[in-house]
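A.B. asks: The primary structure of each chain is shown beneath.
Protein chains: 6
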Amino acid sequence: MAVVVQNIERADQAVIDRLAAAGVATVHEAQGRKGLLASYMRPIYPGARLAASAVTISAPPGDNWMLHVAIEQLRPGDILLLAPTSPSEDGYFGDLLATSAMARGCRGLIIDAGVRDIADLTEMKFPVWSKAVFAQGTVKETLGSVNVPVVCAGASVRPGDVIVADDDGVCVVLREEAEAVADKAEARIALEEEKRRRLAAGELGLDIYAMRERLAEKGLKYI
Amino acid sequence: MAVVVQNIERADQAVIDRLAAAGVATVHEAQGRKGLLASYMRPIYPGARLAASAVTISAPPGDNWMLHVAIEQLRPGDILLLAPTSPSEDGYFGDLLATSAMARGCRGLIIDAGVRDIADLTEMKFPVWSKAVFAQGTVKETLGSVNVPVVCAGASVRPGDVIVADDDGVCVVLREEAEAVADKAEARIALEEEKRRRLAAGELGLDIYAMRERLAEKGLKYI
Amino acid sequence: MAVVVQNIERADQAVIDRLAAAGVATVHEAQGRKGLLASYMRPIYPGARLAASAVTISAPPGDNWMLHVAIEQLRPGDILLLAPTSPSEDGYFGDLLATSAMARGCRGLIIDAGVRDIADLTEMKFPVWSKAVFAQGTVKETLGSVNVPVVCAGASVRPGDVIVADDDGVCVVLREEAEAVADKAEARIALEEEKRRRLAAGELGLDIYAMRERLAEKGLKYI
Amino acid sequence: MAVVVQNIERADQAVIDRLAAAGVATVHEAQGRKGLLASYMRPIYPGARLAASAVTISAPPGDNWMLHVAIEQLRPGDILLLAPTSPSEDGYFGDLLATSAMARGCRGLIIDAGVRDIADLTEMKFPVWSKAVFAQGTVKETLGSVNVPVVCAGASVRPGDVIVADDDGVCVVLREEAEAVADKAEARIALEEEKRRRLAAGELGLDIYAMRERLAEKGLKYI
Amino acid sequence: MAVVVQNIERADQAVIDRLAAAGVATVHEAQGRKGLLASYMRPIYPGARLAASAVTISAPPGDNWMLHVAIEQLRPGDILLLAPTSPSEDGYFGDLLATSAMARGCRGLIIDAGVRDIADLTEMKFPVWSKAVFAQGTVKETLGSVNVPVVCAGASVRPGDVIVADDDGVCVVLREEAEAVADKAEARIALEEEKRRRLAAGELGLDIYAMRERLAEKGLKYI
Amino acid sequence: MAVVVQNIERADQAVIDRLAAAGVATVHEAQGRKGLLASYMRPIYPGARLAASAVTISAPPGDNWMLHVAIEQLRPGDILLLAPTSPSEDGYFGDLLATSAMARGCRGLIIDAGVRDIADLTEMKFPVWSKAVFAQGTVKETLGSVNVPVVCAGASVRPGDVIVADDDGVCVVLREEAEAVADKAEARIALEEEKRRRLAAGELGLDIYAMRERLAEKGLKYI
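Protein chains in written order, with our numbering: chain A, 339 to 561; chain B, 339 to 561; chain C, 339 to 561; chain D, 339 to 561; chain E, 339 to 561; chain F, 339 to 561.
It should be emphasised that the hints constitute simulated quantities derived from the structure, not laboratory data.
None of these values were measured; they are calculated from a predicted model.
Incorrect hints may appear among the rest.
You can't tell identical chains apart in this list, so a pair holds if it fits in one copy or across any two.
27 Å max Cα-Cα, derived DSSO-like pairs, lysine-lysine [claimed, not checked]:
id	residue 1	residue 2
1	Lys478	Lys559
2	Lys463	Lys559
3	Lys533	Lys478
4	Lys556	Lys463
5	Lys533	Lys556
6	Lys372	Lys533
7	Lys533	Lys463
8	Lys522	Lys559
When you get a sec, could you build the whole thing from the sequences and use the hints?
C.D. replies: Here it is, written out as structure tokens:
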């Protein structure tokens, strides 16, 4: 059952970068409001924004052995994504693993569990989105798998899917849909720019989006 | 059932400003320790402090249509306050709505649900106190009401009541009690100043507040 | 039942300082992964790191009377640690108590409940690790005890035990084990330095820790 | 601030009994989906269903003194409803208080906190809907109020409002709307009876409610 | 985006029945400890045990329209499984929908949200495993999809996969693995029978599983 | 670090039985309201009530190896009590382990984690108080300890301490205080009997406990 898939397909780097520029909220809308991880996934420091190909890890509770295995599978620009097989807040990852991952070109970590050494990680500018911050260490006793499909914080993620993460949270984009989503996201941004200008000038959404008639039809009463 | 109340009474702006200066913890004490919203209501960035009149919104879960309706009801200096009719973490509000609200003079948002685009909102200096940060968008399908009484994060809020919010959380002051509460809050601050000076000099609360005798009466033993 | 123990033993200050330098994650590993408080204990601002002897408080829910009693028992370099006798998020502690505690040389507060006035505490550089931020005040009606053993956020703490706290959370070290733990923590740090250098140079943990053979034995398959 | 309001108005008993017969889910729908307490309010045993006039209690955390005061205010057929002024799971209520309340004709208890002696309460057939079961006792040190408006588990409740409770949870009906709600609830039940018969016979809701056209208009595709 | 997939493949009924006989804990072990839904999914009454093919529903928060659509897609022996697109506790399902579903041969409901009318559902013997019991109703305004892959309570489920549910919770078995899992589950049960007999006679697991040597090797000390 | 302490002291069986008769709420009051485990510890079926000497287990997350070790240390009348070293909901214990434990005279299990096979355990009348019901299995890879002091669900427990458990939850009594606590508990029960009789006859707690004067002194107003 415990496997390491060594060759995974990744989306085009230019597409990944376009998704990073769009950010989580826009990407999520652009792909039809799917793929969002649970709201408890929070960044360890504000201001990070990235997109990257996921190297996925299915790990036992309180056992970070597979992180060492996964780091070997990283290519520059990838992100690690770990889902425990049962709920855990243990601190699977700290500054040593981050040093190793950064040396392999890793962009960050998404972990549905705990992380530690966050003062160091912040200083290293290694971004992590996690369920918890917890110094509780882990063991290296039980196998898991690397680059298999996982469910992470309520979202289904396959190896090579694109992870977009920023202060709003984390979103996964199917690898094969990445380009289309980037197109739609950029279209949204273009549209929003005009709306933002009109809203900033004091026009109302009620008028810009022509909502008044539909509100009246549904029965809204002004009193 | 779905109504928009267009004319609401507000407290005097000078009184509102005095409540802002006092801050949540002092105002809460000054009004007899009532009106506090639940502790899960946290600011999206530290350092904001304000007081403002509430434009209230009762909204369906995952539906932000009424926010567009409410923005038209804002007067400069108001704050939006949204309570969903059932628990929700959805991101009802982002940078476009904030742009629109700011153009109408809105001071911020209190929302017993989620918010998104928080990097932008932070840069815009539009403060939000929310239950969650979540990029999950909403629809515009079902009516709610604007400027009706709501229960928000465990506190009862009527339109025009004064909301005080800072890093400690959020407190509601009844409009008709606002002036009396401001008076009491300022009296507390004056009293505290003297106590702070004495405590900083090393005097003990046990002595300043004359607690030793009552502690002994209740049976406290030193060993 | 309500007692104040006035003379407690403390660890050697030099040892305490060595534990502060090591930090929570390293100390926790060094003492065999025990003594960690629950992950919900979070600092009110990032960047604080300290170690100090605990003056413990067992307090009723929503009653902060014993904090005044405990402050008299502080010696310079101590930390206050409060465990309520039943779950509470009330704000037991604010800027006045912090002013008083700082005047007695107190380093900070660990509280399995709420804290308030956090903007002031942040400005005063008085660090607090708490379960909640909540402006809800407390009363002074019921006795508790000072300097008795308590369970705080899931960890057993005796008066005079050493508390280590930083951005990763809070850990307790038994007073009589403090020196041995400091020795082991420093040994770990020395070892880690070499590993960090090798990992930064691109060597893999799989090789540094000689994991490949054991992974194969356990049945890990590369595909 | 601490008051006991001695004379409160109650709804007509016949109306209250009609609401009991309708049950929580139907009453909630009938009054426009409002007034529901949070889903964490669960009965201590299955099968109880009742409606009664609320004698409300605002109590400090971990202090059940006001329950003794409230029991004197009960009239036969009333229900006690307690909201703590800050979150608490303490066991405010057990078999002795239930014995006293039953002797005054009390129908049950709604408590946004803890309850204990639930084996006895179950045997006595005294129903309780609570946030927690917890043997942690309380003190009698601090005043609260009886028969004042409270927010209980997220719902606003005034003394004399009608509480409907069953296995689905708890709902509050405004005293002055009780009769109209009972009428609407009974109308719903009558309508549902016919629908239930048709659904049981295998007809589809899609056809009974004529949904197919609207689904198609909204864009639902069958594939 | 909103689709109804009308023809889904199902596992063989005899295999499904064998999985029901094995129960959740055994099936979960037999398939390599995967596929378990989160522990918050609890049955509305004790004692139900079943296995069935999933008709899946992806529904907006607080909107149960798609349940009506899904019921038409049921075949006798199926189970409904609903995952909201964002977290919700609303009561999507009650006795009328259960009446309709039972008329179509439905075995039960798995819902990562709320359910209501549970006294009626219990009497009807219609089992439901849910995240919450909540009388809060829903609307019929927004489309979702039927028979698409979903993530439900942390587990990935495709239409036609086999759901096994009992008092221990809920587990999903991939349709194409159902027969192999049933084989392994029955093999486990046969093995366990012999172990149960020996354990009941007082033999120790330490001896039956020959653990003593490995424990000593790992360093366990008896003192 | 991993040890099994083989000979522990236990309280007198007659005393233990007296504590069982008194029940959790009374025992907790009788010993000065201490020793209660968190309210999330719930029984898998209603109606069980027991007291027993604790055989304690400190176990890694998701690893139940030490349960096998602990069962050998049981004497008739003991109870198993497991605390994981970091938070876990995994199902450490099921019907096979219960069969083995019962064969050694074990009375039940207290576990700050998950349990499974609860339909079987209910039928076997093997009571369990747990944090969760979860079919997620565990491994046998990492050592823990047996009969060492632990913190379980927020309470400190030493091997041989007396555990009292019923529908209200779980309480620990220090072995050396067990007899004194049993005496006090019985005295409380005797006192309560008279009070119950008077309350059942309609006398008020306000009068029986002479509360009226003190309420007036504190400032309670009747209006």
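A.B. asks: Now look at each hint and say whether the structure bears it out.
C.D. replies: How the hints compare with the structure:
Proximity of Lys478 to Lys559 under the C-alpha cut-off of 27 Å is restricted to the inter-copy arrangement: shortest distance 17 Å between copies versus 63 Å within a copy. In this assembly of identical chains, the alpha carbons of Lys463 and Lys559 never lie at most 27 Å apart, being 52 Å within a copy and 33 Å across copies at closest. Only between protomers do Lys533 and Lys478 lie at most 27 Å apart by alpha-carbon distance; the minimum there is 17 Å, versus 53 Å within a single protomer. Proximity of Lys556 and Lys463 under a CA criterion of 27 Å is satisfied in neither setting, with 50 Å inside one chain copy and 35 Å between copies.
Proximity of Lys533 and Lys556 under a CA criterion of 27 Å is satisfied in both settings, with 25 Å inside one chain copy and 25 Å between copies. Within a single copy, Lys372 and Lys533 get their C-alpha atoms as close as 24 Å, which meets the 27 Å cut-off; across copies the closest is 35 Å, which misses it. In the homo-oligomer, the alpha carbons of Lys533 and Lys463 lie at most 27 Å apart only across protomers (20 Å), although the nearest pairing inside one protomer, at 34 Å, exceeds that limit. Only between protomers do Lys522 and Lys559 lie at most 27 Å apart by alpha-carbon distance; the minimum there is 22 Å, versus 36 Å within a single protomer.
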